[in-house]
Every structure is written in C-alpha cells, then in structure tokens.
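2 protein chains.
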Amino acid sequence: MAEGVRVVEELVRAGATLHGVLLAKSATASVRAVAVADLAAAHGVPRDIVSDAEFASAASTDTPQGVLAIAAVPDCPLGSLGAEALGRAVILDGLQDPGNVGTVIRTAAAFGVRTVVALPGTVEPWNAKVVRAAAGGHFHLQVTHASFPELADALRTAGVPLWAADASGRPVGTVERPPALALALGNEGGGLSDQVRRAATGFVALPMAPGIESLNVAVAGGILMHALFA
Amino acid sequence: MAEGVRVVEELVRAGATLHGVLLAKSATASVRAVAVADLAAAHGVPRDIVSDAEFASAASTDTPQGVLAIAAVPDCPLGSLGAEALGRAVILDGLQDPGNVGTVIRTAAAFGVRTVVALPGTVEPWNAKVVRAAAGGHFHLQVTHASFPELADALRTAGVPLWAADASGRPVGTVERPPALALALGNEGGGLSDQVRRAATGFVALPMAPGIESLNVAVAGGILMHALFA
Chain A
1 MAEGVRVVEE LVRAGATLHG VLLAKSATAS VRAVAVADLA AAHGVPRDIV
51 SDAEFASAAS TDTPQGVLAI AAVPDCPLGS LGAEALGRAV ILDGLQDPGN
101 VGTVIRTAAA FGVRTVVALP GTVEPWNAKV VRAAAGGHFH LQVTHASFPE
151 LADALRTAGV PLWAADASGR PVGTVERPPA LALALGNEGG GLSDQVRRAA
201 TGFVALPMAP GIESLNVAVA GGILMHALFA
Chain B
1 MAEGVRVVEE LVRAGATLHG VLLAKSATAS VRAVAVADLA AAHGVPRDIV
51 SDAEFASAAS TDTPQGVLAI AAVPDCPLGS LGAEALGRAV ILDGLQDPGN
101 VGTVIRTAAA FGVRTVVALP GTVEPWNAKV VRAAAGGHFH LQVTHASFPE
151 LADALRTAGV PLWAADASGR PVGTVERPPA LALALGNEGG GLSDQVRRAA
201 TGFVALPMAP GIESLNVAVA GGILMHALFA
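Line by line, the protein sequences are chains A and B.
Everything in the first sequence is counted per my numbering, starting at 1 for the first residue and increasing by one.
Everything in the second sequence is counted per my numbering, starting at 1 for the first residue and increasing by one.
Because the hints were derived from the structure by calculation, they are not lab data.
Glycine included, C-beta positions come from ideal geometry on N, C-alpha and C.
One thing to keep in mind: the hints can contain errors.
As the list claims (entries may be wrong) - Residues from chain A that keep clear of chain B, each with C-beta distances beyond 10 Å, as calculated: (1) 17; (2) 145; (3) 190.
To be verified - Across the chosen pairs, the derived CB separations fall in these ranges: (4) 74/A to 201/B: 39 to 47 Å; (5) 194/B to 44/A: 19 to 27 Å; (6) 44/A to 127/B: 43 to 51 Å.
To be verified - These stretches of chain B come out as covered by chain A in the derived footprint (C-beta under 8 Å, 3 or more residues): (7) 100-112; (8) 208-214; (9) 217-223.
Chain A with its partners taken away, still in its complex shape:
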C-alpha cells in the first residue's frame, strides 16, 4: 500500500502494477490528487471514491492526503540481479525505524544506488510507512530481502566488496571510492550485526565533535552514500 499524492504519482510514473487507487471524498477538491487518480484510471486501474471515514480506516499513516494505491511488490530475488546492480548496493542491517528506512531508500535512489537489501531483523521495507517516507524511491531501484549467507554469496560471486558504516572506521573523506561497493548500515541503537561486522572488508566513519554520541542513521547513511555513490 502506497499513501500520499507524491508516492502514488511516482508509482504510476514508474509503471508499477497497480491493483487499485482509492480517493477520499474530501480529496476530490485537490487538483493533484484527482489528477493522479485520473492518470491511474487512464491506465486501466480501478479507481474508487470513498468517504473520509472509510479512507481513514484503510490508510495507515496519521496524515493521509486522501489518496492511496494498492500495488504489487516487485518480485526481485537477489540472485536475479547482475554484478552491476550489486555493485551499487546499500544493505540494511537491522534498521528498525520505518522513517529511517524510507529516508535511506529515498536518498539511495537520489544518488544512483541500484539495490537496497533488507537483512533479517530490518523493518519490512515495503511497509506503507517506509514507502511513504521514501517518497517514490522504491520505484527507482530494486528493494529486496536476503539472508546474510545469500547476500554474502551473491557479493562474492559478483566480486563486490562489503563495507560497513561504523564509528571505528576510517573517515569517509580519506578513503578512495571503490568502483563497486555494497555499503551496510546498522541498527539505530545497536549498530552492525556480528555477521556483517565479521564479513566486512572496510569500515567507514564520520568524524564528530567531542561529546557527540552518534548521528541519525539516515543522515549518516546519506553522507556516506553521497561520498561513495553520488
């Protein structure tokens, strides 16, 4: 389920398989909301207008803009991705906050990352809050799930190194950007999982002022993605 005018616009634009679009009665006053529902309808997607109360019961976010779409999650197993797509990858290693994961996916799309892999323990990256925070990012890259052994296998086969964000790492400004890279981001509180920490061959960090414990993971990830992929 994708909620909000912008996300639904992106879905339609990206040619996603849509099962239906729902418009709240009050949103029929919004030119942009009506336009995106009309566009979907023109592509043969069923469109329904429902009461605001019905819409609210279907929507999962606090501030629905009165438009949502039901779309198929693209089936994209890791094994189907080529070396090129794996060589510009971000690995979500146990991120828990939907807003953070959505923002990471949004940023990844902006900087030309091709693949986002959610490891077990990560919040479901197709959950509606994540999709909303990603503002359409899902439809510009591949978002997929994998176990750590599957991921490690795929990276080895493709010859792509695994790096990870960690306070113990080298300052990102001092590292040379590798031609292919999978970059892992760890859990908000606990950081990297043991398996990622053991398998990673490079660690990158962001030097911070004394007394500061950490950055928000979506911000840290954004700075690292800008340095390593943009």
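Starting from the known structure of chain A, arrange chain B on it as the hints suggest.
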C-alpha cells in the same frame, strides 16, 4: 520539556538549569533511567516518581522511556553571539517537521556548528519533539530565534556570508569552503523564503539522479553541513 533517557542524560551532563525530573513507576526497573534521575537529584534537582498513567499524561511523545526533565530554555539572543559563533551557523528558514529540525540540530552539533537560528515560520526548536529528535544536540550549540532583519544585520556586522541550499545552486563538491558561513535550509515543501533567496550570496546543491525530485531536508542538510563545516 526533554523526554527520554538520552536527552535527559545530555541535559544533566551539559549543566542545563533543570527544574525537575519525572520518572515513571515502570522506569524504576531501568538502570539507565534510574541512574540519570539519581544524577540529577545529586545536583539538587527535584525528582519525582509517578504512576505510568500520570507520566503518559505529562509526556508529549508516543514512546516515552519513562523519564523526562523540565529545563530552562537558555536565553541567548542573536546579538549576544560573537562573530565566531555566527560564522558557523545553520539557519532554519521555515522548516515545519519537528523530526527534521531535531535531526538538523543533532547533525549540526556533531559537525561543530555553533549556532542554529530559527526564522519565523519554523517549528519551535525547543518543542519537546524537536528536543527528543536532536538527542542532546541543543546542549552542544546555541539554538536561538531571530527575525530575518535581525539575522541579516548580525551577519553583516560579523562579516559572515549567507549561503542557502537550493536545487539551482552549485554542486557542493565543487565549491570552496568559506572560512565563515551561515547556511540556510528551506521549508520541506516550499524551499527557501523570498527574503533568504534574495539575500543569499551563494547557493549550494546536491546533484541527484534523473527523475528524483528532492532529498529529505535533514539528509540534504546533513550532507551540506558535513561538506561545509565538519
């Protein structure tokens, strides 16, 4: 009001003027929550333990960790800041989302920004949600309010240039970092105000992949702060 174990720890550590600390009954099982309340009490701050229901009615966030503090907002008018503090400044030009503003303040503190100025139209930077998202950042720099004429005046007097983040700007990777800088970040949807746009003498941007509309402002701000202040 500051909520959460981490923020209250930072408050106590930073020597803020605390009026009181409130602990929920259930949080008395948390070693870290009890420790921070004890630490405050050792500094002469009144500490109360209340029922979980009473605590929930006092707290403003959805997931209180059972500890909050009431602290004085430091009085720090713009005119009292020296040229050095103004020369490492971030200007909030109408940011509306408390999470975004808190994250910007957290990142600013991490990269050695000295001053964060909220222009009119920005969400109150001392609001509890902002303070929580900033994870203690408020206590590592000055967070203050100013009208645009006051800000423009202070920057002129201190000889500090005003730059702004804008899609029309030069890619941040290509600009030379000025020795002193005030960097403005615009509203989530509408971007910069006309007055900031007119007064800014430099504009910086982050190049993005084709088809991507924008980044989250806290992420974009984080990348720019890392490039220009860290």
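A quick look at each hint next to the structure:
no.	hint	in the structure
1	17	holds (19 Å)
2	145	holds (23 Å)
3	190	holds (14 Å)
4	74/A to 201/B: 39 to 47 Å	holds (46 Å)
5	194/B to 44/A: 19 to 27 Å	violated (43 Å)
6	44/A to 127/B: 43 to 51 Å	holds (46 Å)
7	100-112	holds (count 7)
8	208-214	holds (count 6)
9	217-223	holds (count 5)
When each numbered hint is compared with the structure, a violation occurs for hint 5 only.
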